[in-house]
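Novice: One-letter residues, chain by chain:
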Amino acid sequence: MRNGPRRFLFSWWPWRCWGYHLSGAVLGYAVLAVLAVLTGAGVLLALLGIGLVLLTLAAVSGVPLGALERRRLRLVEPVPVPAPHGILAGAGPLSWLRTRLRERSTWRELGYALLLALAFGPAGFGVTVLLAFSCILFATPVIVWAIAPDTVMLIPGRAVSGPLEGLGGTAVGLLGLVVAAYAAALLARAQVRTARLLLGPREEDGRVLELTRSRVRLVDAFEAERRRIERDLHDGAQQQLVALSMTLGLAERELRGVPAAAGAAELVARGRGEARQALEQLRNLVRGIHPQVLTDHGLAASVAEVALRHPVPVTVDLDVPRLPEPVEATAYFSVTEALANSAKHSGASRVEVTGRMAKGLLVVAVTDDGRGGADPSAGAGLAGLADRLAVLRGRLVVSSPVGGPTELRVEVPCSG
Amino acid sequence: MLRLILAEDSVLLRAGLAEVLTRSGHRVIAAVGDAAALREAVAAERPDVVVTDVRMPPDFRDEGLRAALELRSTDASLPVLVLSQYVATAYAAQLFTGGSAAGLGYLLKDRVGEVDEFLDALERVAGGQTVIDPEVVRVLLSHGPTADRPLARLTPREREVLALMAEGFNNQAVAARLFITEAAVVKHAGSIFMKLDLDPTEGNRRVLAVLAHLRGAPS
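Just so you know, the sequences run in chain order A and B. Taken in order, the first sequence gives residues 1 to 416; the numbers are from our numbering. Taken in order, the second sequence gives residues 1 to 219; the numbers are from our numbering.
One or more of the hints may lead you astray.
With beta-carbon atoms standing in for the labels, derived distance ranges [stated by the list, open to error]:
no., chain 1, residue 1, chain 2, residue 2, range
1, B, Arg3, A, Ile229, 36 to 42 Å
2, B, Arg3, A, Ala269, 26 to 32 Å
3, A, Ile229, B, Thr22, 30 to 36 Å
4, A, Asp387, B, Thr181, 56 to 62 Å
5, B, Thr181, A, Pro324, 53 to 59 Å
6, B, Glu135, A, Pro324, 30 to 36 Å
The hints are simulated quantities; they were obtained by calculation from the structure and are not laboratory data. The beta carbon of each residue, even a glycine, is placed where N, CA and C say it ideally should be.
All chains, please: the whole structure from these sequences, using the hints.
Specialist: Here's what the structure looks like:
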C-alpha cells in the first residue's frame, strides 16, 4: 500500500490480507472457545486441584499461539518477527513450564491471545462478511440469469427484472470489494503493529542475549589463555628441564669412572634428582591447566586417567561420544572438582562417576558414599563451575544431605 | 651400535638426545622435527630403531604417536620407542592396542635423564622386547581396575600379588611382603596368568600384565 493505493488494489496484497483475516477469524473464535473452556472449567474445578492445572494451561496457551501467529504474520508482513523466548534445550516439561511462567513475553503472548479472541478475530470476521456480500453483489447479473424465472430482490419489495438491471448491484459489489480490500489492509497493519509489540522480543530481552554472548566470549578467551599457558610450559620450561636432566645424566656417567670426582658425581646425581622432581611438579601443574589427553582422547579417557590417580577408589562409567570442546572441558573440570572435594571433605570410601547422553543433553554425575553435608555455596570452585555451566546453558545440581551420600550432577546441552 | 632415526620437534631436546645417543656409541642417521619428515626418513633408510616424541607439529597433538602406529602398520617388525611427556595411560593404550607389542616402547621423557635406563630400554626395544615406563605401570596397578577391564577378573589378593610383581619383586619378596608362602605366590601367579590369557613362559610378566590392562582400557 506504501507503493500507491491503486497499485495495491491490483496486486496480490488484497488477497493475502483477506486470507490472513479469514484464517484469523477462524483462529480467533477457536482461541476464544479454548480460553473460555479452560478458564471456566479451571475456575469451577479450582478446589479439586485439577482446575489449577487447567488455569496454568490457559496462562501458557499464548506461547504456542504466539509461535503460530508469528508464522501466520508472514502472509502480510515480509519482515519476520523473532521469538522472544529463551532457548531451553533438552529441559523437561516442568522446567519448561517454570521458565515460561517467569518470562514476561509469555504474559504478553497471553494478552495477544485475548486481543485476537475478542477484537482481531471478530474484526477479521467482519472483513470476511463484507467480502462475501460484495462478491455476491458483484455477481448479481449472473445470479439473476441463473435463477430466472424466480425473482431476485436486491432492495426489499423491488424485483430485479433481468441480468442487465442487476449491473447496479455489480457496481455496489465492486465498491464493496474495494472497501473490503482497504479495510483488510488497514486492519492487517494494526495487527502487525500489535503483534510486533506483543509477540516479538523487547529491548530488555535483546540485552540479555548480548550479555550471554559476551560471557561466552569471555569463557572462550579464558580457555584459549589456559591452552596458551599449557603450550608455553610444554614447549619451554618442560623441555628445558628434560634437556637439563639429560645433560646432568651424561655428566654423571662421565664422572662415574673417575675416583677423584666421586664427590662431584654425587652432587650431579642430586641435581638430576631435583630436576626430576621439578619435572614431576610441572607435569602435574600442566595437567591441571589443561590435560592433553582431554584434547586427544576426550572426556571418558581423561576422567579415567584422573580416576587412576585419585586417592579414593573411583568407578568410571562414561558412555559418551566426542563432544564440543567447551562441553568436554567444562564436564572434565566439574568431575575433577567434585573428586577433589570428595577426597578432601567427604571421608568417602568409594566414588562413582557416570555419564550419559540423553536427547542432546550431557548428564554427568559424581556420587560418593561419604558423610555428606557439603555446602555448595561455600566452595569457590563450585561457584566458578556453576558460572561456566551457566554460559553453556547447563546447570549444576548438588545434593548432599547430612549423613550422605553426596551427588554432584552436571547437565550441559550439546546441540549448540 | 644401533642406527637410529630421531623425531622430536624441540631443537634443544633433539640435539640433547642426539648427543646422548652418539656419546653412547649409537649412530643417529636422521634427526627430524615432524611426523612427515619422520615417514620420509624411515622410507629412505631402514633404521634399527625409531625414537619419536608424541606431540609434534603441525597440530601439536598426538602426531608422533600416530606416525609410529602408521610405520608399524606398514612394517610390523620395525622397533619404535615413543617418548612422552604424559603419564596418561590413554596414549600407552593407543600405542599397544591392536597389533603385536614386540619391539614397541612407551617411555616418559624424564627417563632420558637416567641415561643407563634409557639406553637399556632402547636396546631392549631394538631387540624386539616390549618396554612400558615404570611410572605408567605404577599408576595402572596401584588402583583397582574398573569393571570392564580384564584385571577385574582377578581377586583382590591376586591383584596385590600382581602389583608387587609389576614393581619388580620376585616371588620370594612378594611372599615376604604379603606374609604368605612362596608356594602360594606361585599358585596366585599361575591363576593370574590364566585369567589374563597370558603365556607365563613368554617375556616379562609385569609387562604382559600391564598390556592386558591397557588393551582393556578405552583408547
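Novice: Taking the hints in turn, state whether each one holds.
Specialist: Outcome of the hint check:
1. Under the hint 36 to 42 Å, the C-beta atoms of Arg3/B and Ile229/A, about 39 Å apart, fit the expected range.
2. A beta carbon spacing of about 31 Å between Arg3/B and Ala269/A agrees with the range 26 to 32 Å that was offered as a hint.
3. Checked against the given bound of 30 to 36 Å, the beta carbons of Ile229/A and Thr22/B, roughly 35 Å apart, stay inside it.
4. Under the hint 56 to 62 Å, the C-beta atoms of Asp387/A and Thr181/B, about 59 Å apart, fit the expected range.
5. Look at Thr181/B against Pro324/A: about 56 Å separates their beta carbons, and that is inside 53 to 59 Å.
6. Here the CB-CB span from Glu135/B to Pro324/A is close to 32 Å, well matched to the stated 30 to 36 Å.
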